[in-house]
Amino acid sequence: MLGAGTCILAADQAGNVNYAAATQASQAVTIAKATTTTALTTACMTTFVGNQPFTTLAVVTGSSPTGKVTFNQGASALCSNVILNSGSASCTTSTLATIGADTKDSYNLTASYSGDAQNAASVSAPLSVTVLRASDVVYRNGFEAGTLTCPIE
1 MLGAGTCILA ADQAGNVNYA AATQASQAVT IAKATTTTAL TTACMTTFVG
51 NQPFTTLAVV TGSSPTGKVT FNQGASALCS NVILNSGSAS CTTSTLATIG
101 ADTKDSYNLT ASYSGDAQNA ASVSAPLSVT VLRASDVVYR NGFEAGTLTC
151 PIE
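So in the UniProt record's numbering, spot 12 of the sequence shown is number 12, and the numbers just go up one at a time.
Be a bit skeptical, because a hint or two may be false.
[As the list claims (entries may be wrong)] Label pairs and their computed distance ranges (CB to CB): (1) 134 x 31: 51 to 59 Å; (2) 64 x 101: 16 to 24 Å; (3) 80 x 6: 29 to 37 Å; (4) 30 x 101: 49 to 57 Å; (5) 103 x 41: 23 to 31 Å; (6) 51 x 6: 37 to 45 Å; (7) 12 x 85: 40 to 48 Å.
None of these hints come from the bench; they were simulated from the model. Virtual Cβ for every residue (Gly too), placed ideally from N, Cα, C.
Whenever a hint applies, use it, and build me the whole structure from the sequences.
Below you can see the structure in the form of structure tokens.
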């Protein structure tokens, strides 16, 4: 058996001059999927002005995991079914914003790995981010410009 699943092991003992044949014995053996760990990180600051590009990276460890990752903010998907590439997947979104009259909102982001034939599904620990309303942020000279994947902090 090369991976997760169930197989039947059977043992036979043929008879000979000294011993009678034995009845076949069989046993089902189940190999579980490998446990995985999904970690969610960002190279960006976790407090930023809303509606700007923000990138997160999910890294999945296990037994050479393949498959897909969905990045979530609560129950809402930010990026769905992103294919793992060498155990990692990334999501860039500009949808994180303040809600209503709030000057800032905090969100918990997670990454959910779907699993594959050999690896069990897993969910990352939450990555907490704080989104500020642009009209409430005072910009200063020399403030670092944002990048294509990180917002202005």
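Indices of hints not satisfied (ascending): Violated: hints 2 and 6.
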